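Just so you know, the protein sequences line up as chains A and B, in that order.
For the first sequence, our numbering assigns the number 1 to the initial residue and increments by one for each residue that follows.
For the second sequence, our numbering assigns the number 1 to the initial residue and increments by one for each residue that follows.
One should not assume that every hint holds.
In silico SDA-like links for lysine to any residue, alpha-carbon gap of 25 Å or less [unchecked claim]: (1) 114(B) x 187(B); (2) 213(A) x 340(B); (3) 198(A) x 268(B); (4) 197(B) x 105(A); (5) 269(B) x 215(A); (6) 215(B) x 106(A); (7) 213(A) x 227(B); (8) 198(A) x 271(B); (9) 104(A) x 227(B); (10) 213(A) x 115(B); (11) 209(A) x 224(B); (12) 216(B) x 198(A); (13) 171(B) x 21(A); (14) 216(B) x 229(A); (15) 104(A) x 183(B); (16) 209(A) x 268(B); (17) 164(B) x 110(A); (18) 197(B) x 229(A); (19) 213(B) x 28(A); (20) 272(B) x 202(A); (21) 265(B) x 27(A); (22) 171(B) x 27(A); (23) 213(A) x 183(B); (24) 216(B) x 107(A); (25) 159(B) x 28(A); (26) 265(B) x 204(A); (27) 104(A) x 218(B); (28) 272(B) x 215(A); (29) 265(B) x 215(A); (30) 198(B) x 110(A); (31) 208(A) x 171(B); (32) 215(B) x 224(A); (33) 197(A) x 274(B); (34) 104(A) x 165(B); (35) 198(A) x 231(B).
For the record, the hints were derived by calculation from the structure and aren't laboratory data.
Computed from a prediction, not measured in an experiment: that's the story for all the values here.
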Amino acid sequence: MSSKYKILVIEDESNIRNFIETVLDANDYQTLVATTCEQGILMFSSHTPDLVMLDLGLPDKDGIEFIRTIRQTHTTPIIVLSARTSEDDKIEALDLGANDYITKPFGTGELLARVRASLRNNRPGAGAGSLPGEKFTLYDLVIDYDRRMVFIGSEEIKLTQTEYNILALLSYHTGKVMTYATIIKEIWGSADDGSIKKLQVNMANIRKKLGSKPGDNQYIINELGVGYRMNEENM
Amino acid sequence: MKKHRQLILDGIFTFATLILLFAVNLIIEIIFDTRTLIPMIFVLGVFLVSLKTQGYFWGITASLLSVLAVNYAFTFPYYAFDLISPECIFSAVVMLIVAIMTGALTTQLKTQEKIRAESEMERMRANLLRAVSHDLRTPLTSIYGSTSAIIENYDSLSKEQNLKLLGDVQKDSQWLIHMVENLLSVTRIDSSKVSLKKTTVVLEELIDSVLVKFKKRCPEQEVNVEIPDDFVSIPMDPILIEQVLLNILENAVYHAKDMTELNLKVEIKEKKAVFSVSDNGCGISPDIKDKIFNGYVSHSEAPMDGSRNNMGIGLSVCSTIVHAHGGTIHAENREEGGAIFYFMLEAEESDE
Numbered sequence: 001m002s003s004k005y006k007i008l009v010i011e012d013e014s015n016i017r018n019f020i021e022t023v024l025d026a027n028d029y030q031t032l033v034a035t036t037c038e039q040g041i042l043m044f045s046s047h048t049p050d051l052v053m054l055d056l057g058l059p060d061k062d063g064i065e066f067i068r069t070i071r072q073t074h075t076t077p078i079i080v081l082s083a084r085t086s087e088d089d090k091i092e093a094l095d096l097g098a099n100d101y102i103t104k105p106f107g108t109g110e111l112l113a114r115v116r117a118s119l120r121n122n123r124p125g126a127g128a129g130s131l132p133g134e135k136f137t138l139y140d141l142v143i144d145y146d147r148r149m150v151f152i153g154s155e156e157i158k159l160t161q162t163e164y165n166i167l168a169l170l171s172y173h174t175g176k177v178m179t180y181a182t183i184i185k186e187i188w189g190s191a192d193d194g195s196i197k198k199l200q201v202n203m204a205n206i207r208k209k210l211g212s213k214p215g216d217n218q219y220i221i222n223e224l225g226v227g228y229r230m231n232e233e234n235m
Numbered sequence: 001m002k003k004h005r006q007l008i009l010d011g012i013f014t015f016a017t018l019i020l021l022f023a024v025n026l027i028i029e030i031i032f033d034t035r036t037l038i039p040m041i042f043v044l045g046v047f048l049v050s051l052k053t054q055g056y057f058w059g060i061t062a063s064l065l066s067v068l069a070v071n072y073a074f075t076f077p078y079y080a081f082d083l084i085s086p087e088c089i090f091s092a093v094v095m096l097i098v099a100i101m102t103g104a105l106t107t108q109l110k111t112q113e114k115i116r117a118e119s120e121m122e123r124m125r126a127n128l129l130r131a132v133s134h135d136l137r138t139p140l141t142s143i144y145g146s147t148s149a150i151i152e153n154y155d156s157l158s159k160e161q162n163l164k165l166l167g168d169v170q171k172d173s174q175w176l177i178h179m180v181e182n183l184l185s186v187t188r189i190d191s192s193k194v195s196l197k198k199t200t201v202v203l204e205e206l207i208d209s210v211l212v213k214f215k216k217r218c219p220e221q222e223v224n225v226e227i228p229d230d231f232v233s234i235p236m237d238p239i240l241i242e243q244v245l246l247n248i249l250e251n252a253v254y255h256a257k258d259m260t261e262l263n264l265k266v267e268i269k270e271k272k273a274v275f276s277v278s279d280n281g282c283g284i285s286p287d288i289k290d291k292i293f294n295g296y297v298s299h300s301e302a303p304m305d306g307s308r309n310n311m312g313i314g315l316s317v318c319s320t321i322v323h324a325h326g327g328t329i330h331a332e333n334r335e336e337g338g339a340i341f342y343f344m345l346e347a348e349e350s351d352e
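Just chain B, with the same shape it has in the complex:
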């Protein structure tokens, strides 16, 4: 269906271009009283059509029509066809070559573009993998160590000691769960490379679900919420966007030092849903600002306050998810202090 429409649009473009150039030629003929420019202008037309339309069909059509037009209107005998003269056949061949070569070139360009996007994805995945294998080791070591300690010294450890070790195991496994959820999100995008499975999600329900989950993870952190009163539904993969919001909120909790206020706001601007998460913490350090979404912020660059660092992974997952939705994501420091993260998605009209 979409392909069909594209074909029609391309056809309209082709004919519009040719008619326009035909008119230009007529004017040139009248003003300059010369015909030497005419074939060149048609070659330009064929080139433009081949460049802008998909495949070879319209380029070749344009070249054949151009030959006919030149033959009919601008060569002797005027306003009559003379299709058997060698001149005509030769110019037709030239036009065809231009059309086919331009078509081939643009196709190649498009493939290269695709390859570049794929290798970008590949690079991101490699970054993630590196970050993950590094970050997984710490909690795994602690889980393995704690449980071994309990098993080997069960009788000599006090109940409090046992519980403390087990508590650490629980905390570390919870952290691992979040990490794995992030990784699953990335594979989910991968497995549906062609198009994301979007459903229309009610904004209020999304935010509700995010807040319920966030409250479980960080019970002591209040979030100020501001969303439109109207019924808004947004096409998205809800599990993934939920992950994005949770990652950004959690990122603030872990990395915005001295934060007292965390805000989650959604606005509808020109049919776009703008999600923003802002805090009044320490802001984003300029050293890492440029690479905050680029995969891995290495440990030396991240704040060394003993808090676990999954910033690189969490935020790069956000970026991957938002981009897969055809949206954009940014982070900056606020003038009044603290950081603001925002991302945009196409919203549906809030009619009915």
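Here chain A stands alone, though its shape is the one from the complex:
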């Protein structure tokens, strides 16, 4: 059996820290804890964890500082624990390189699902693009990267270039929230006033072509006001 994944939890509230630690330990992860941003950075450099769970409201510094510092040298996945009131913080954290966020209060199921997704996405090669011959599958959705074709079951779905690019981009980062700004930058290069609308219209077309209905989007999850996320089968 391979060694356990190491997860660093940076959270100043001891009750929340306790419960996260308990859940992670019970699910066979090795947990390290820090209560301040400074301590977190120290722990990170001495233990090099596989994943970081980060509270943004830390007593000494904003958690955003941690992301900034770590992202200069490491690509270790970071999951932000955020309070509901601050979408702007959420978006800033994601744009700075955080991989995901969980809104407080959260249940253990959600927590573990996000941990699994982030660890999986950080496998070597994941997120960097596609390998030759590789295909993406999610339920009955198949993306053939080589031929730039999309299928549902055996039926081909005709997408425009832009629609395909968006779908492929989301699929490279399955399980990760992509902010509007990130997607726009990747797809169109530069942003202007109409960019978000352009993206939203394209997404609406993609949903229509994939046959998604409100309340039953099994492929792409809307993160209202933040961005989009490609679903994962076992989330």
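Got chain A sorted already, so can you dock chain B onto it with the hints?
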């Protein structure tokens, strides 16, 4: 920019009024062959301008122009200025006083209006606070009691008993979470009193997000959805409007007895998005119908079926949110039975 436009609009109003009254005066002069009415009509003009425009600038401008007009066209020597006669200076002073006093009065009226709106908000907040502190106590008591029972009797309780108590704790804390979310929504409006932070939200994405969350909270309740096929985007604070829809849907689940059908419908009518949630349950009792959005429906008035009552809070939060968006919200009983809640928001044109 907006201020600039207002100033120009006010200016147009001022000149239009004065030109109109000047013409009226000319006609009166011809028909009645008298000039006694003329200063009165100009005073009326100055009054109207001071009332309708912002600040003092246009009122004073109007009064000075009126004096000049009377002086030029309607007093001897006709169609020539005679600015040094005491009569002229005196009438100018009177006009100025009218303009300034009207301006002061309207400003005062406007401030009072603002104070009234603020105290309305304050009253609502006080109601909420009262309702909340009352409603928080029940789940907190149960959480505290259950966890104490577990800690103190850990070995003597059976596994089933422990799990049952813990299940109650979980349910009650979930309820508290929803309650706190509602309260956060209200503070969110408060902290951005000046204007809500609106973003353009795609209707379909909003409804999707609402349904996903609703399914988590009430998995056994089906919702029939009907929304326009076109691409519709609506400027709003999505977190808040999502809260409104969830509150109304949940309200139906908790309070519409014998409901078998829950419908969520959105229509675009004359550039307005009309959201409606209807059920075929027991309808709204006439006793509480008028105060359903007004804050707190007391426990004696709410159905005493043991179900938790957060109706007062949830719906008054809805009302606060919708009003902060400049929309309207209503509730009524349907002819075919059950209740319908609907609210309206300004929609963007669904072009492109």
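So, going through the hints one by one against the coordinates:
Taking the CA atoms of residue 114(B) and residue 187(B), the gap is about 19 Å. The hint holds against a cut of 25 Å. A threshold of 25 Å between alpha carbons decides the hint, and for residue 213(A) with residue 340(B) the separation of about 24 Å falls inside it, so the pair holds. Simply put, residue 198(A) and residue 268(B) have alpha-carbon atoms about 21 Å apart, close enough for the 25 Å limit, and the pair holds. Our distance criterion of 25 Å between C-alpha atoms is met by residue 197(B) and residue 105(A), whose separation comes to about 23 Å.
Under the criterion of a C-alpha separation no larger than 25 Å, the hint pairing residue 269(B) with residue 215(A) is consistent with the structure, at around 24 Å. As the CA atoms of residue 215(B) and residue 106(A) are separated by approximately 16 Å, the hinted pair is consistent with the 25 Å bound. Restraint check: the Cα-Cα separation between residue 213(A) and residue 227(B) comes to about 11 Å, which is no more than 25 Å; the hinted pair holds. A distance of roughly 21 Å separates the Cα atoms of residue 198(A) and residue 271(B); the hinted pair therefore holds under the 25 Å criterion.
At roughly 31 Å between alpha-carbon atoms, residue 104(A) and residue 227(B) are farther apart than 25 Å, so this suggested pair is violated. Restraint check for residue 213(A) and residue 115(B): the C-alpha separation of about 46 Å exceeds 25 Å, so the hint is violated. Proximity of residue 209(A) to residue 224(B) is assessed by CA-CA distance (about 22 Å); at most 25 Å being required, the pair is judged to hold. As the CA atoms of residue 216(B) and residue 198(A) are separated by approximately 31 Å, the hinted pair breaks the 25 Å bound.
Proximity of residue 171(B) to residue 21(A) is assessed by CA-CA distance (about 22 Å); at most 25 Å being required, the pair is judged to hold. Between residue 216(B) and residue 229(A) the CA atoms are separated by roughly 18 Å; this keeps the pair inside 25 Å, and the hint holds. For a cut-off of 25 Å, the pair hint linking residue 104(A) to residue 183(B) stands: about 15 Å separates their Cα positions. For a cut-off of 25 Å, the pair hint linking residue 209(A) to residue 268(B) stands: about 23 Å separates their Cα positions.
Proposed proximity of residue 164(B) and residue 110(A) is supported: the alpha carbons are some 22 Å apart, at most 25 Å. Restraint check for residue 197(B) and residue 229(A): satisfied, since their Cα atoms lie roughly 23 Å apart, inside the 25 Å limit. Under the criterion of a C-alpha separation no larger than 25 Å, the hint pairing residue 213(B) with residue 28(A) is inconsistent with the structure, at around 30 Å. Between the alpha carbons of residue 272(B) and residue 202(A) the distance comes to roughly 24 Å, so the proposed pair stays at or under 25 Å and holds.
Restraint check: the Cα-Cα separation between residue 265(B) and residue 27(A) comes to about 43 Å, which exceeds 25 Å; the hinted pair is violated. Distance hint between residue 171(B) and residue 27(A) is fulfilled; the C-alpha atoms sit about 24 Å from each other, no more than 25 Å. Restraint check for residue 213(A) and residue 183(B): not satisfied, since their Cα atoms lie roughly 31 Å apart, outside the 25 Å limit. Distance restraint check for residue 216(B) and residue 107(A): the Cα-Cα separation of roughly 12 Å lies within the 25 Å cut-off, and the hinted pair is therefore satisfied.
Distance restraint check for residue 159(B) and residue 28(A): the Cα-Cα separation of roughly 24 Å lies within the 25 Å cut-off, and the hinted pair is therefore satisfied. A threshold of 25 Å between alpha carbons decides the hint, and for residue 265(B) with residue 204(A) the separation of about 19 Å falls inside it, so the pair holds. At roughly 20 Å between alpha-carbon atoms, residue 104(A) and residue 218(B) fall within 25 Å of each other, so this suggested pair holds. Taking the CA atoms of residue 272(B) and residue 215(A), the gap is about 23 Å. The hint holds against a cut of 25 Å.
Taken as a hint, the residue 265(B) and residue 215(A) pair is honoured in the structure, with Cα atoms around 14 Å apart against an allowance of 25 Å. As the CA atoms of residue 198(B) and residue 110(A) are separated by approximately 29 Å, the hinted pair breaks the 25 Å bound. Proximity of residue 208(A) to residue 171(B) is assessed by CA-CA distance (about 37 Å); at most 25 Å being required, the pair is judged violated. Taken as a hint, the residue 215(B) and residue 224(A) pair is honoured in the structure, with Cα atoms around 16 Å apart against an allowance of 25 Å.
For the proposed pair residue 197(A) and residue 274(B), the alpha carbon gap of about 22 Å is at most 25 Å, so the pair holds. Taking the CA atoms of residue 104(A) and residue 165(B), the gap is near 23 Å; set against the 25 Å cutoff, the hint holds. Distance hint between residue 198(A) and residue 231(B) is fulfilled; the C-alpha atoms sit about 11 Å from each other, no more than 25 Å.
Of the numbered hints stated above, those contradicted by the structure are hints 9, 10, 12, 19, 21, 23, 30 and 31, listed in ascending order.
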